Amino acid sequence: MNEFLTEYAFLIVPILKIAILVLLVLTMDAYLTWIERKVIAHIQARWGPHRVGPHGLLQPLADGLKFIFKEDPLPANVDKLAYFLAPFLTLMLALTSLAVIPFGPQRFKIFGYETHVGIADVNISLLVLFAITALGVYGVALAGWASNSKYSLLGGLRSSAQMISYELALTLSVVGVLLIAGDFSLRGIVEHQSGTGRGILSWNIFPQIIGFVCFFIAAIAETNRVPFDLPEAESELVAGFHTEYASMKFAMFFIAEYTSMITVSCLATILFFGGWLSPFPVSWTFTHYLPSVLLIPFGLWVIFDGMRYENLLGRILLPGVGTALAAIGAALIVFPMINDIVQGPFWFLAKVFTFLFVYIWMRGTLPRFRYDQLMSFGWKFLLPVSIANVVLTAVAILIWGRLS
Amino acid sequence: MPILEYLWIIPLLPLLGSAINGLLGSKWPNKIVSWVALGSTGLSFACALEAVREFHGYYEAHHQAFVKPFFDWIVAGNFRAGFDLQFDQLTAVMALVVTGVGFLIHIYSTGYMAHEGGYYRFFSYLNLFMFFMLILVLAANFALLFVGWEGVGLCSYLLIGFYFLRQSASDAGKKAFIVNRIGDFGFMLGMFLIFRTFQSLDFRTVFDEIAKRNMAVEPMGTLGIMTAICLLLFMGATGKSAQIPLYVWLPDAMEGPTPVSALIHAATMVTAGVYVVARSNLLFTHTLTAMYVVAIIGCATAFFAATIGLLQSDIKRVLAYSTVSQLGYMFLACGVGAFGAGIFHLMTHAFFKALLFLSAGSVIHAIGGEQDMWGMGGLASKIKVTFWCMLAGTIAIAGFIPFAGFFSKDAILFAAFNYEYSGKVLYGVGLFAAILTSFYMFRLIWLTFFTQPRYDEHHVHVHESPKNMTVPLMILALLSLVGGWLAAPALWGGRNYFAEFLAPVFGGAKVEGAEAHSLELILSGVAVAAAVVGLIVAWRMYRKGAKRGEMAGAYKVLYNKYYVDEFYQATVIGPLVWLSRNLFWKVVDAGVIDGTVNGIASGATAVGDTVRHTQSGNTRSYAVWILVGAIVIFAIIFWPILHPVLVGGVR
Amino acid sequence: MTAPLVIFFVLAALAVLGAVSLILQRHPIHSALSLIVVMVALAGLYLLMGAEFIAAVQIIVYGGAIMVLFVFVIMLLNAGEEERTNFSKLATYAGIPLAVAMTGFIAAAIARSSGSLSPAAQGGALTSTKALSMLLFNEFVYPFELTSFLILVAILGAIVLAQRES
Amino acid sequence: MVPTNHYLLLSAILFGLGIVGFVFKRNIITLFMSIELMLNAVNLAFVAFSQSLGKPDGEVFVLFVIVVAAAEAAVGLGIIILTARNRRSLNVERVDLLKL
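Chains as they are written, first to last, in my numbering: chain A, 508 to 911; chain B, 117 to 767; chain C, 6 to 171; chain D, 3 to 102.
Note that these hints are calculated values from the structure, not bench results. One or more of the hints may lead you astray.
SDA-like, lysine to any residue: derived pairs with alpha carbons at most 25 Å apart [stated by the list, open to error]: (1) A/K887 - C/L166; (2) A/K887 - C/V158; (3) C/K94 - B/V727; (4) C/K94 - D/I37; (5) C/K94 - B/Q685; (6) B/K290 - B/Q685; (7) C/K135 - A/N630; (8) B/K290 - B/Y675; (9) C/K135 - A/I894; (10) A/K587 - C/G85; (11) A/K524 - A/L568.
From chain B, some residues computed to sit far from chain D (all C-beta separations above 10 Å) [to be verified]: (12) T338; (13) L404; (14) G485.
These numbers were taken from a predicted model, which means no experiment stands behind them. Think of the CB as a built atom: it goes at the ideal place given N, C-alpha and C, for glycine as much as any other residue.
For reference, chain A alone in the conformation it holds in the complex (with noise of 0.2 Å):
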């Protein structure tokens, strides 16, 4: 048995590190949508979903019971190949891009197979990572066309024309962050990020903020987020390019939405905020204690949560879910060898989780671009300031060599 795994463990590790990811990514996916309610309704002084479960924590379970169980109708001739394989595709190449994104520092071994956190750990992730995302534009357009229906083929059009002119944006905006690390894998400008151990002042943030502000405005336009998504503008297209979409399809299209969401946050986090770094300088340890200082009290507030419950759930549920984290947070202090390792995930989780709050509260704060206003910005501001921001980063790279 033994044997037979380290025989097979270069095939059998990766598909056990895909398997985690893609349960850990659905799920994220599954409560992103809870989260996104529950903010957005408190943003404009709502309850959002309580009922099904405490705080409404069942809803995404049950959101996903009714996709599975809906009926799929297929409209009147449609391109069959084309309508089945939009979403495929479409999900597909979301979850691909998240293989490249490594999301912690260590390397560890499995039936003696030396891996990383993360799937693959390719030198040109990056543009692996820009590929994928380069061809997700025709999930979107076949979709759009397939479904044989005005509205649909107005948010296909709309929704590639939109993704071809950001994508510029979005690959030029990075470019100064390249120039700087001088390298194309993901880990590799992370490690760069870490410099001399000063903490959050050696990100690429600092030197970058120009660049960080046109991706981040790419990045959404890229996922079709608000402000800029047009393509599902209900007013105009009732929902764009997935209007004919129903049930599992709709899904793959839903679930692909928030994964790019996670990888464009990934990404964002990686680039200009030192990925799994932690903010604080390396000399000191004992920031090494804030994820259990964060966790045994939120454990607690949950055990004492769950008190107010009348009903079963409420009574095990949440106490059982509390303890463990409570439980948890203290053996990250007990055995700190542990504690390292949760280190890199743990900052990494905390600021992606931030910039998709940041999409959330953008989606409940701002109105949506007019198409003509989207072009405009996209090619007349946002291209000309990254390309800017290139030469300027190259101009400043030149100086500071000559410099030292």
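Keeping the supplied structure of chain A fixed, place chains B, C and D upon it in accordance with the hints.
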């Protein structure tokens, strides 16, 4: 500076004058134009004189002609025709005659042409003619000589047709040109033959070759290579120098302005043929046949033209025929081997014939354009200078002692008398021609200057010509008086300076024996007697200014120039025109050439009509065509690689 | 049968299949999709040869830009199934043989000529992106600038062509 | 290791298929796609050569080819749009007036 080293200046000056006048003259007043023309010609005359002086020293040193190649003109294989200029005694004489007489005639023209249109054009042509004529005489090889040869032909065409608005003038120009072409054809063949024989066209090389191979003199009646060459060259000479049978163009050439007739058709161009014969005397002396032919043709022409000249009524035509006949004398001289005498006569003739023409021009100018002698008469008292000058010329040409004509003509007749092949006959005919010459010349004098006027004196106000016309006349009169004295002493046993001067050039030719003075004195006496006879006959017939005689018999034949033009018209021109129209135009041109062209055109149309279907505009077809092309190119490029593969595939 | 060889054959088969279906498909969209498959397969081959940058550019530019443009235009013009007209007799009859001949020629030339070539490397980034860029910006800088000019002209031309004259 | 000939032959095959497509497709856009296919085949050959020779020049050429292809696509598609607008057809066999 030694002008010999820069010999090209002599011809270049007239060319410059021609270019300046031709390109810019149209805007200039006559004065500037004439100054440019005169300046260039006069300078070139001065240069010629200087060149002669220098050549004298040069000859003392080297005892050979001065030849200097300036640049290559044609070089092909072993053929080289360079822009090489030569200067020797013969050239000296010719150059002086051309530039000197030309200069005088230029001066004259400034007066004569003063009121004509196209003043600048006239002088441009005239200078151009000077240029080509100098090239002709200075050339050191046949090729370059031929350039001058054709050039003077061109200028003569241009100047004959100067009044191109007149049908007859342009016709005469064309006639001159075409007749000359016939001669030039022979001349070119001669050149080719020379090159084929001697692998060169340079005079010196050719003549040295003859000496080196010490070629035998081809006896009478045989047609060897030399004979062929010489006859062909002489054919060209007959064309240019208006000998039988190609003399017909010269009388018509009188359509041109009188100075042109004087310069081109009396003094210089028409003597080019004589010059060529004299220049290639080494060739001629190696073939008795050709010499004999030359002599006979010359003699015949001298007589024939003189007879025609008897009854012409147009003053210029009389002179034209006399020119032809005098040229005949020159050829007679060359034919009998007295090249020196021929050149001598050429020179003297240049003087007095130019004089006669200019005087005639002066007369015409005086009575307002009238050329018919039957419309003149009694002018002697009115235009004295012209009269005396013309009289001098007449006496000279008639051959009275001590005028130039006497000495030269006498030398010629004497040489003819001594010629071994039927020399006496030639002499007799020549002598008779001399009588005729004297006759028609005095007839001209009488009809023009004596007898009662036959023109309307109320309308025509006869007036003497201006100075710039009369002065050249006087100079020429003087020349035609003294011009002959160079050879005078030979008569009483002295030295013939002229012959001795030219001896180096005609070394091959025998210098006419100065032994039998008694005989020569007798002959000259006979010649003078002949002139007197002519004078008396003319005086008897025309002193009362007889009416225009009734046309009958021989008289009529003579008056109509033996109907030679009509004869040519019937035998040559008519058939030629008929052939051209019916065969070359209607069949060859319209049928074959146009047919071919149209056929090609229609063929192209047909092909295009079929091919255009490939231009269907269908992209797929285009794609296939591209593919075909690609395959072809591919196959060509990779043939070495593909060949084994394909063959292997086949095997 | 080493792993790279297997990968090569898989990708090659994919590419050929894509090309064939590009020809056989009647609808432009499907042709476009087939072409995209070809391009992705080629990108995989580039990766196999160790030309990572080219592979990425292949997908980003070809797959992400050019083909999107095609699909976009197809959607814009709402192109339907192509009608199988046969107005060009030439193409109908001579097309296949000629194409086969051409391919055969090229194949033959390769078979004969390229025995000297060493087998292509794979995996280990034989030409790093750095070397590529060095070459591009030193030796080929003028062609590079020319291409930028070409792009500019192309943009202008496209605008001029596509705008409705009003 | 994969022999270079494999790559070259593959590129030859793809090129030939491109030719066939170019000759046999009627839709202008598909024609363009066939051209792109040929270009890709050439690119493949380029990369194969540059790899087997160990020089990056070939890859530079590939970059240029891609740029040219992009420009060509831009202009070509513009023309196609115009043609479709004026001729109401994308069939090259119906667009044969050699003018718009």
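Quick rundown of the hints versus the structure:
As the CA atoms of A/K887 and C/L166 are separated by approximately 21 Å, the hinted pair is consistent with the 25 Å bound. Distance hint between A/K887 and C/V158 is fulfilled; the C-alpha atoms sit about 19 Å from each other, no more than 25 Å. A C-alpha spacing of about 15 Å is found between C/K94 and B/V727, which places the hinted pair at or below 25 Å, so the restraint holds. Between C/K94 and D/I37 the CA atoms are separated by roughly 22 Å; this keeps the pair inside 25 Å, and the hint holds.
Taking the CA atoms of C/K94 and B/Q685, the gap is about 69 Å. The hint is violated against a cut of 25 Å. Of the supplied pair hints, the one linking B/K290 and B/Q685 holds, its CA atoms being roughly 15 Å apart against a limit of 25 Å. Between C/K135 and A/N630 the CA atoms are separated by roughly 13 Å; this keeps the pair inside 25 Å, and the hint holds. For the hint pairing B/K290 with B/Y675, the CA-to-CA distance comes to about 24 Å; that is within 25 Å, so the pair holds.
Between C/K135 and A/I894, the direct Cα distance comes to roughly 21 Å. Compliance with the 25 Å bound is thereby established for this hinted pair. Restraint check for A/K587 and C/G85: satisfied, since their Cα atoms lie roughly 15 Å apart, inside the 25 Å limit. Among the hinted pairs, A/K524 with A/L568 is consistent with the structure: their alpha-carbon atoms are about 24 Å apart, no more than 25 Å. Non-interface call for B/T338 relative to chain D: holds, since the shortest CB-CB distance, roughly 78 Å, exceeds 10 Å.
Every CB of chain D lies more than 10 Å from the CB of B/L404, the least distance being 81 Å, so the non-interface label holds. Listed as outside the interface, B/G485 is consistent with that label: its C-beta sits roughly 72 Å from the nearest C-beta of chain D, beyond the 10 Å cut-off.
Of the numbered hints given earlier, the model fails hint 5 alone.
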